[in-house]
Structures are given as C-alpha cells and as structure tokens.
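Chain C is fixed; fit chain P onto it per the hints.
There are 2 protein chains.
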Amino acid sequence: MIDLDLICICDVESTGLNPTTDEVIELGCILYSLSHNTVLQQVSTLMPVSVDVNPVEHINGISAGAASKLDGRPFQSEAIDLIESIMAYADGILAHNAPFDRSFVDRLEISTVASSVPWIDTRSVTWPRATRQRCNLVELALAYSIPVWSNHRALTDCQLLAHIIQREPDAKRLLEKELESKVWATWRTTVNDKEGQARAKAAGFRWNDKTCPANGVWSRLMHPDDIAQLPFDVVVMGADYAN
Amino acid sequence: MIDLDLICICDVESTGLNPTTDEVIELGCILYSLSHNTVLQQVSTLMPVSVDVNPVEHINGISAGAASKLDGRPFQSEAIDLIESIMAYADGILAHNAPFDRSFVDRLEISTVASSVPWIDTRSVTWPRATRQRCNLVELALAYSIPVWSNHRALTDCQLLAHIIQREPDAKRLLEKELESKVWATWRTTVNDKEGQARAKAAGFRWNDKTCPANGVWSRLMHPDDIAQLPFDVVVMGADYAN
Numbered sequence: 071m072i073d074l075d076l077i078c079i080c081d082v083e084s085t086g087l088n089p090t091t092d093e094v095i096e097l098g099c100i101l102y103s104l105s106h107n108t109v110l111q112q113v114s115t116l117m118p119v120s121v122d123v124n125p126v127e128h129i130n131g132i133s134a135g136a137a138s139k140l141d142g143r144p145f146q147s148e149a150i151d152l153i154e155s156i157m158a159y160a161d162g163i164l165a166h167n168a169p170f171d172r173s174f175v176d177r178l179e180i181s182t183v184a185s186s187v188p189w190i191d192t193r194s195v196t197w198p199r200a201t202r203q204r205c206n207l208v209e210l211a212l213a214y215s216i217p218v219w220s221n222h223r224a225l226t227d228c229q230l231l232a233h234i235i236q237r238e239p240d241a242k243r244l245l246e247k248e249l250e251s252k253v254w255a256t257w258r259t260t261v262n263d264k265e266g267q268a269r270a271k272a273a274g275f276r277w278n279d280k281t282c283p284a285n286g287v288w289s290r291l292m293h294p295d296d297i298a299q300l301p302f303d304v305v306v307m308g309a310d311y312a313n
Numbered sequence: 071m072i073d074l075d076l077i078c079i080c081d082v083e084s085t086g087l088n089p090t091t092d093e094v095i096e097l098g099c100i101l102y103s104l105s106h107n108t109v110l111q112q113v114s115t116l117m118p119v120s121v122d123v124n125p126v127e128h129i130n131g132i133s134a135g136a137a138s139k140l141d142g143r144p145f146q147s148e149a150i151d152l153i154e155s156i157m158a159y160a161d162g163i164l165a166h167n168a169p170f171d172r173s174f175v176d177r178l179e180i181s182t183v184a185s186s187v188p189w190i191d192t193r194s195v196t197w198p199r200a201t202r203q204r205c206n207l208v209e210l211a212l213a214y215s216i217p218v219w220s221n222h223r224a225l226t227d228c229q230l231l232a233h234i235i236q237r238e239p240d241a242k243r244l245l246e247k248e249l250e251s252k253v254w255a256t257w258r259t260t261v262n263d264k265e266g267q268a269r270a271k272a273a274g275f276r277w278n279d280k281t282c283p284a285n286g287v288w289s290r291l292m293h294p295d296d297i298a299q300l301p302f303d304v305v306v307m308g309a310d311y312a313n
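Here the protein sequences line up with chains C and P, keeping their order.
Counting from 71, one number per residue, gives the positions in the first sequence under our numbering.
Counting from 71, one number per residue, gives the positions in the second sequence under our numbering.
One chain only, chain C, in its complex shape:
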C-alpha cells in the first residue's frame, strides 16, 4: 500500500518545448506535507542559458540576461542542491503534465536523484471539481475557486498546484491512486458522433493515443476504480502503470 506524505511539487520553465535543443531557464519546487496539508519549503532559481535571447520570453517573461545574472554565484548551485535534497526525501514528485517537466529535469545533474523517486502527473488525476479532465493548470485552479493572476514562472505554477491540493479533501488518495496499476479505458464511435466525441474529450479521453495498445479508439489510462463513474460505457484493456 502506497502511503504518500511529503510530496515535491515541481515546475520547469524552459526556452522552448524540445528538451534536446531547448534549455531549463527556471526550476522551482515546493515541499508539501499531505498529513499537515501545508507547504513546508519553497525554492526556485533562474538558470543560465547558452542563448542570448529567450525565444519564449513573451510567455514566461524571463530574459536570458536575468537568467545569466546568477551564473557562477554560490547560491545558484546551493538552490539546485536544495531542490535535489527535497526531491531525494520526497515520497513522490508531482508536476502538471509531468512528462514535459521530467524530460527537462532528465537533462540536469539532479536527474539521478529525480529518477529514483516516483513521478505523478497531476494532469492525469481525476480531480472531482474539474469541469473537464486533463485540463491545464489555470483551468484546474479556477475550477477550485483559486484566483489566478499570473502563471508561467516556476514557483507560481507550483503554488497553484499546492493550493489545488490544499483545497481538495481527497488529494492524498487521488495522488496515491496515480501510483497504482492502471488500465486502458477505450471507446469507439463514428466520425459523425460529435456529441459523443466532445463527451469523451471532457472525460479526458484522447483519440488514437499512440501509447494505447488499441488503434482507432478514444482512450484514457485510468485507475480501475474510476471506470464506473464514466458517463458512457467503455471497453477495458489491462495495462500496468508505467511510471
């Protein structure tokens, strides 16, 4: 039985979407205690990048000049060490759309520690108050009546997630379920069934997901307990949870 208490909520801001060619420009994390339902520690740091201009400065507002400001300063590496220590101690690392953040963390020195801890993608969680499943962080925060007035800085996004968790009474169990075995729920329809497709999408289903063993179906990897709550009938296919 998985028992989560200390979780590390993590967020990466980057210079683009490609972890092979783009770089981490800011890294942030929050150490959160589920048993105390509160934030224990927070840390974020800009990271120097090799480019002179951040191609996505219009999104995250971080200039390459600001990011280079800390280059070679002791507190630059001290902040990374602190993030590494927090990750090493956490029962799980959380991120919203975790595969994205993880692909960038994998390229940092902290990757060995980060990959020794199970990751939980909060976008895959079936949040009871979400108006549609697999929605983005801002939409999810608003569904939880959390005021949003900025995003796309690492710690701001971590804090939105911390507030969502704090307001969700069942958070601990919801997150633990993400670490248990899941199955593929699949659903087939016709091209013209727009209403059915919208309903599947709102339930977090994706069409022709490449990671799903069935082709040409709407599907979602889910905890078996959540299948019964779907508003339509699905075909279930076994699949172990691949973290």
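Keep in mind the hints are simulated off the structure, nothing from the lab.
A couple of the hints might just be wrong.
Unchecked claim - Among the chain C residues that face chain P by a calculated CB cut under 10 angstroms, a handful are:
| no. | residue |
| --- | --- |
| 1 | Gln112 |
| 2 | Ser133 |
| 3 | Val208 |
| 4 | Leu212 |
| 5 | Ala213 |
As the structure is a computational prediction, the values presented were derived from the model and not from experiment.
Note that CB positions come from ideal geometry on N, CA and C, so glycine has one too.
Frame of chain C; chain P shown alone:
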C-alpha cells in the same frame, strides 16, 4: 552614490510579537534584480519551534507540528544556508516593517551576515500610489492593483512586496533614498484639530514618536527631497539616517 541592483526581500513569520520570548517559525526571501525588474530566486522554510502549539496559528496558519516536520533534515539547514548566501550577496535587505523582521533575524545564526548588509524598511518609503503612507503590506499591494488573496506566510508576503516593486517605475530610486541621510519633519497642532491630525497620519506622521528629538509633535523621518511634497508646512530637524 548608492546604487542598488540585487535586493533581498525578506519576511519572518513568528510565534508572537516578542523577539526575546517568541520564535521564528518560517523564514522566506526573494532575490530580486532591480536592473532586470524580475525575481531571480525564491526560498522559504519552516523552522522547528520549542513550543507544542503555535500561539498565532490562527494568523499564519502554521502548526508547530508542521514546523517540526523538517527538524534535523539536511534541507532544513540547506535552505537557511541559501538564505544566508543570498543576503550576503545582496546590496540591501528589504522588509515591510523591517525593525520587526530584523529583531527576529538578529536571534538566528545568520545574524552576522544579515547585519553586514543595509536594511531598508519598505514601510518608510514614500510610495507614490499609496493612499496613505506607512500603511500595511496588504493595503499597499491593493493600492498598486495587486490582487491579494492570502498573506502571513513568509514567501507570500515577500511576493506581494516583489510585485509592488515590479509595478513601481521609480522603485530603484525610492529604495536608494532610504539609504541616504534623512531629516525629521515635525508638525505641531492643537488637540481639537482632528482634520489636521488625520492629514498628518495619512502622510505617515506619528504623534510623540519616541525616536524623534522633539516632544509633543507629529513627526516623520524623511528624505529631504520629499518635504516639499507634503500637503502642510513642517519644521525640519537634522538627523542622520540610523540604519
């Protein structure tokens, strides 16, 4: 000529108002670059306290149990080390009502480093958009159209201050003026002049301030440049800025 760039915005949450008997329960700071007008680093950590119950848990929401959760863990001291490194490197340490925060920081191991850097009390700054001077942090944030939906956690309060600075075009000069010599502006009135007293109060004047060399007057320690902007006539008394 003082030239501020990297500032450390600092906030202490404590178990009470008395630095001799009460303890720091959370410490947070933001490293902010005035030249880039952006946040470079953020860090906060709960700190173990000797009491079983935090007497002001109803204010800051921090339980003694949560604060003790980090006791003896490596990242507890790593976070403090990071705060110390940031303070050591900063051109100034900022806090809203700085004497309060400083009295608590003075009791921590980081006090030697913290006292080697000039402190700036942002409550003493003449903020152009403040509806009244020397107001509290929430009032000041609202005057700058910054949404406030929580306070009294260390990093939340630092972030409010960072947003105020980010929105104030003249922030660099306003903060630098706090480190220059100041004078006492004093104003005398009668007991019944309620309107005049309210006006003096809104301008940040206090009655019978014990640190003012004159008795029985309304007074404020100010930068000489700001005297002319007062909406009433004052008597100026020389006084060096005592940091």
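Verification of the hints:
1. Because the closest C-beta pair between glutamine 112 (chain C) and chain P is about 5 angstroms apart, less than 10 angstroms, the hint holds.
2. Against a cut-off of 10 angstroms between C-beta atoms, the interface hint on serine 133 (chain C) holds, since the closest Cβ of chain P lies about 6 angstroms away.
3. With a least beta-carbon distance of about 14 angstroms to chain P, the hint placing valine 208 (chain C) at the interface is violated under the 10 angstroms criterion.
4. Below 10 angstroms, beta-carbon pairs count as interface contacts, and leucine 212 (chain C) has none with chain P, the closest being about 13 angstroms; its hint is therefore violated.
5. For alanine 213 (chain C), the interface hint is violated, the least distance from its beta-carbon to any beta-carbon of chain P being 16 angstroms, above 10 angstroms.
Hint check: violations occur at hints 3, 4 and 5; the rest are consistent with the structure.
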